[in-house]
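Heads up: take any position in the sequence shown, counting from 1, add 1, and you land on this note's numbering.
None of these hints come from the bench; they were simulated from the model.
There's no promise every hint is true.
Below 20 angstroms or equal to it, Euclidean Cα-Cα: the simulated SDA-like pairs (lysine to any residue) are [said to hold, decoys possible]:
(1) K76 / T23
(2) K60 / R98
(3) K76 / S25
(4) K78 / R97
(5) K78 / S25
(6) K60 / G87
(7) K76 / I46
(8) K60 / G85
(9) K76 / Y24
(10) K76 / P54
(11) K76 / R38
(12) K76 / A41
(13) K60 / L75
(14) K76 / G92
(15) K60 / N22
Computed Cβ-Cβ distance ranges for the label pairs, DEER-style [as the list claims (entries may be wrong)]:
(16) P94 / V70: 13 to 21 angstroms
(17) P36 / V86: 17 to 25 angstroms
(18) P44 / K78: 16 to 24 angstroms
(19) T51 / N22: 12 to 20 angstroms
(20) G92 / G52: 25 to 33 angstroms
Keep in mind that this is a model prediction, so the values were computed, not measured.
All C-beta atoms, glycine included, are put in the ideal place defined by N, C-alpha and C.
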Amino acid sequence: MKWCLACLLLIPAFASAQDDNTYSFGLSNDGLLPPARHNAYGPGIESDATGRPFFWAPKNDGAESRSAVPDGTLKVKPDAYGLGVGSDQYGRPMERRSR
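With the hints as extra help, turn the sequences into a complete structure.
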């Protein structure tokens with residue numbers, strides 16, 4: 002019975018560890034920007050190499066249109082439009098925002 006309980010506690014830990022995949026930014030080959038972790042702190046909240054949380058949001062010029070809530074449904078390609086400007090699955094330019 003104790004063995005079964007231990008298995009039930011360990012299986013979700015391994016499942017969540019597989020969800021934390023890493024991705025690289027454009028300058029990662031030079032060692033300037035090491036990989037980030039996807040969904041490190043929850044859905045839509047990424048982690049940079051130093052452990053600071055950030056999220057991707059649409060790049061807008063207006064301050065009133067800036068979203069302060071991470072969107073867990075976005076699939077962002079980092080540096081798709083140049084350094085620091087990613088692209089979501091709809092082709093919109095995305096930028097990193099800290100929490």
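Here is how each hint holds up against the structure:
The straight-line distance between the Cα atoms of K76 and T23 is roughly 13 angstroms, inside the 20 angstroms bound, and the hint therefore holds. About 10 angstroms separates the Cα atoms of K60 and R98, which keeps this hinted pair within 20 angstroms; it holds. At roughly 14 angstroms between alpha-carbon atoms, K76 and S25 fall within 20 angstroms of each other, so this suggested pair holds. Restraint check for K78 and R97: satisfied, since their Cα atoms lie roughly 12 angstroms apart, inside the 20 angstroms limit.
With a C-alpha separation of about 10 angstroms, the suggested pair K78 and S25 falls inside the 20 angstroms cut-off, and the hint holds. The straight-line distance between the Cα atoms of K60 and G87 is roughly 9 angstroms, inside the 20 angstroms bound, and the hint therefore holds. A distance of roughly 12 angstroms separates the Cα atoms of K76 and I46; the hinted pair therefore holds under the 20 angstroms criterion. Our distance criterion of 20 angstroms between C-alpha atoms is met by K60 and G85, whose separation comes to about 11 angstroms.
Distance check on the hinted pair: K76 and Y24 sit about 12 angstroms apart at the alpha-carbon level, within 20 angstroms; holds. At roughly 17 angstroms between alpha-carbon atoms, K76 and P54 fall within 20 angstroms of each other, so this suggested pair holds. Taking the CA atoms of K76 and R38, the gap is near 13 angstroms; set against the 20 angstroms cutoff, the hint holds. Among the hinted pairs, K76 with A41 is consistent with the structure: their alpha-carbon atoms are about 15 angstroms apart, no more than 20 angstroms.
Pair hint K60 plus L75 holds up; C-alpha atoms about 13 angstroms apart against a cutoff of 20 angstroms. With a C-alpha separation of about 10 angstroms, the suggested pairing of K76 with G92 holds against the 20 angstroms cut-off. Proposed proximity of K60 and N22 is contradicted: the alpha carbons are some 24 angstroms apart, above 20 angstroms. For the hinted restraint 13 to 21 angstroms between P94 and V70, the CB-CB distance of approximately 19 angstroms keeps it satisfied.
Checking the proposed 17 to 25 angstroms range against P36 and V86 shows it holds: the Cβ atoms sit about 18 angstroms from each other. Hint check: P44 to K78, Cβ distance near 18 angstroms, so the stated range 16 to 24 angstroms holds. Hint check: T51 to N22, Cβ distance near 18 angstroms, so the stated range 12 to 20 angstroms holds. The hinted range of 25 to 33 angstroms is satisfied by G92 and G52, whose Cβ atoms lie roughly 30 angstroms apart.
Of the numbered hints listed earlier, the single one contradicted by the structure is hint 15.
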